[in-house]
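Listed below are the residues making up each chain.
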Amino acid sequence: MSEASVARKARPKFLDVREIRLPLPGIVSILHRISGAGLFLLLPFLLYLFDLSVSSPETFATYKAIVGHPLVKLILFGLLWAYLHHFCAGIRFLLLDLHKGIELEQARQSARLVLIVSLTLTVILGVWLW
Amino acid sequence: MVKRLVVGAHYGLRDWLAQRATATYMALYTIVFAFAALTLPKMDYAHWSALFSGGLMRFLTFLFFMSLAYHAWVGVRDIWMDYVKPLGLRLALHLVTLFLLVGYAGWAAKILWRL
Ligand code: HEM
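Residue numbers (the working numbering), protein chains in the order written: chain A, 692 to 821; chain B, 4 to 118.
Simulated from the structure, these hints should not be mistaken for laboratory data. Warning: the hint list may mix true and false statements.
Stated by the list, open to error - DMTMM-like mimics (lysine to aspartate or glutamate), calculated; alpha carbons at most 20 Å apart, straight line: (1) Lys764/A to Asp788/A; (2) Lys113/B to Asp742/A; (3) Lys113/B to Glu749/A; (4) Lys764/A to Asp47/B; (5) Lys755/A to Asp742/A; (6) Lys45/B to Glu796/A; (7) Lys755/A to Asp47/B.
Work out the full structure: start from the sequences and follow the hints.
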């Protein structure tokens with residue numbers, strides 16, 4: 692058996708979370724996953740709010756009262772960012788799937804753009820809606 | 004000669020495509036919705052609910068929720084498959100995800116058609 696004699700090279704393991712330096716596209720990617728999971732988890736809450744907001748003038752008032760609470764506002768602010776990041780990063784992934792912008796330098800640039808645009812839009816929309 | 008034994012389900016490519024198709028639709032809907040919502044003359048019950056009761060917008064919004072359910076099903080299932088290895092637990096999580104998303108889709112349909 693020749694395979695058995697091939698010694699496995701001991702590879703360095705480098706899994707210390709505090710030591711890992713994720714490159715920008717990696718950050719965008721993991722945040723895309725986290726934002727998708729977060730949106731999924733809070734979907735029932737969003738549907739509940741949507742239901743209240745369109746059912747009747749009375750439930751609309753209830754909806755207004757709920758989203759007026761500072762803690763709820765904070766959560767919705769987080770969800771707004773999650774949606775905007777997932778949206779921007781998602782469009783970037785779709786373009787990458789079409790082989791647009793797959794050169795390393797472009798990919799880095801677009802990753803930075805995604806982070807900046809989604810944060811900026813969150814602040815603008817968040818302040819405007821607050 | 005290479006002998007490959009192909010086993011397992013082959014839903015991979017179809018779901019990958021569906022996830023992208025639904026993502027594209029949701030991105031377009033998001034732009035339409037954002038434009039419609041931000042240009043409402045007044046953010047009150049009458050204007051807000053009227054936004055979704057028009058035939059076209061109701062249909063587009065319904066499609067959005069259906070896309071969302073399929074999209075999130077593929078996405079969340081991918082996440083479970085990456086992190087949850089015990090088969091029984093993974094299967095249970097897949098089922099819970101599926102039931103929840105089907106339920107949400109039904110809920111969204113109910114909201115839209117009651118308007
Ligand atoms: C504008 C709307 C959206 C766009 C353009 C979009 C785009 C995408 C794309 C392209 C992927 C595949 C990424 C990959 O395979 O690497 C993806 C994955 C995913 N999406 Fe979305 N999405 C949208 C909305 C949503 C919403 C509202 C949810 C939440 C319920 C969601 C949940 C997920 C999840 C959980 C994944 C899997 C993430 C992963 O595997 O890391 N998406 N999305």
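- Taking 20 Å as the top limit, are the C-alpha atoms of lysine 113/B and glutamate 749/A close enough? holds (19 Å)
- Message: With the threshold set at 20 Å, check whether the alpha-carbon distance from lysine 764/A to aspartate 788/A stays at or below it.
- Response: violated (35 Å)
- Sort out whether glutamate 796/A lies within 20 Å of lysine 45/B, counting only the CA atoms. violated (45 Å)
- Item | 20 Å limit on alpha-carbon distance, applied to hinted pair lysine 113/B and aspartate 742/A | holds (9 Å)
- Message: Please verify whether lysine 764/A and aspartate 47/B have alpha carbons no more than 20 Å apart.
- Response: Answer holds: lysine 764/A to aspartate 47/B is near 18 Å, not above 20 Å.
- Task: Starting from lysine 755/A, check that the Cα of aspartate 47/B is at most 20 Å away, please.
- Result: Status holds; Cα separation ~10 Å.
- Please work out if lysine 755/A and aspartate 742/A have their alpha carbons no farther apart than 20 Å. holds (12 Å)
Violated hints for the displayed structure, listed by number in ascending order: 1, 6.
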